[in-house]
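Sequences and hints are given; from them, build the entire structure.
Here the sequence shown is numbered in the working numbering, starting from 310 and rising by one per residue.
For the record, the hints were derived by calculation from the structure and aren't laboratory data. Here the structure is a predicted model, which means the values were calculated and not measured. Treat each hint with caution, since some may be false.
[To be verified] In the DSBU-like style, the derived pairs of lysine-lysine whose C-alpha atoms are separated by at most 35 Å in a straight line are: (1) Lys509 with Lys558; (2) Lys468 with Lys478; (3) Lys406 with Lys382.
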Amino acid sequence: YLNGRTQRVVVDGVASTWSPVTSGVPQGSILGPLLFVIFINDLPDVVQNGTETALYANDTKLHNTITSTDDCKCLQQSLTNLNCWSVQNNIRFNASKCKVLTITRKKSPVTYDYKLGTESLTRVDSEKDLGVITSSGLSWELQINCVISKANKMLGVLKRTCTQLTDMKARRTLYLTHVKSQLCYATEVWSPVNNIQLSKRIERVQRRATRWIMMSRRGELNYKERLLALDLLPLTFDREVKDLVYLYKALFGYVNVDVSNCVSFVSHGRTRLSNTSKYILQIKRTYSSIVDSIYDVDLSCTWSLFRDCSCHRT
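Right, here's the structure in full:
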């Protein structure tokens, strides 16, 4: 399985000569990902103290808080150690795909010429990571514009190719699969909680989609009526639900994310509707609009509303 394998290429019945496979595993194998994870298991051990490592499949990220050139040198040493690890294990990092992204709002941040081996890494203002565009100022406008553009293009494709499709359920399924999936991917990260205009632009895509699904003309049914008929939520509500689910998972340990710096529970004593002490989710305010946008005040109100509904049912 791992040794003694050979391969060749066949095109139109003409085959090349057999060549030995000196590394890797068969593509599409079940054991392949597991063997890869085992192989790179010790990779985080070579980075310097103070440098955090995040791995997902074959994607690796290093991050550090930079306040001086000493911090830069620490991060550079981690890169050097990673390069040595790759040489020892016969796995070469692709330096052309490695980027340096500084997340800050300072006008003159500390900069450094980071290198992987002998190659300098390219510095960027934004980068797509696992399908989400992250910018240096943590503004998600680029990501949202990209999402809206993709969703509109896909909706246009459906409109042009499904002109003969009149079944409303089939159209709804196509919308959910190819359009809404674009609009709802990773919204826990980029949801525009404090930007009404961006929220309206996202919602506008679903407005047009619901008219197409129901084949209705303007003025026949309003947006709310179309949502009720199609059993859909407004995208703003949909994002709130996803935020609440993720917050619940973070608070109760289902995901390894510490949100104690963002939220807390406060007791408001007995309430008019309950004989028990009521704990309210409180969003901690900061001096940073970026941090405040992670969880907004409306989310704490929605959390409390859901909790009240649960208490009354029990």
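Below or equal to 35 Å on CA atoms is what counts here, so check Lys406 against Lys382. 21 Å, holds
Satisfaction of hint between Lys558 and Lys509, Cα-Cα up to 35 Å: 28 Å, holds
Within a Cα-Cα threshold of 35 Å, do Lys468 and Lys478 meet the stated pairing? At roughly 15 Å apart (the allowed maximum being 35 Å), Lys478 and Lys468 satisfy the hint.
Figure legend: structure checked against the earlier numbered hints; every hint is met.
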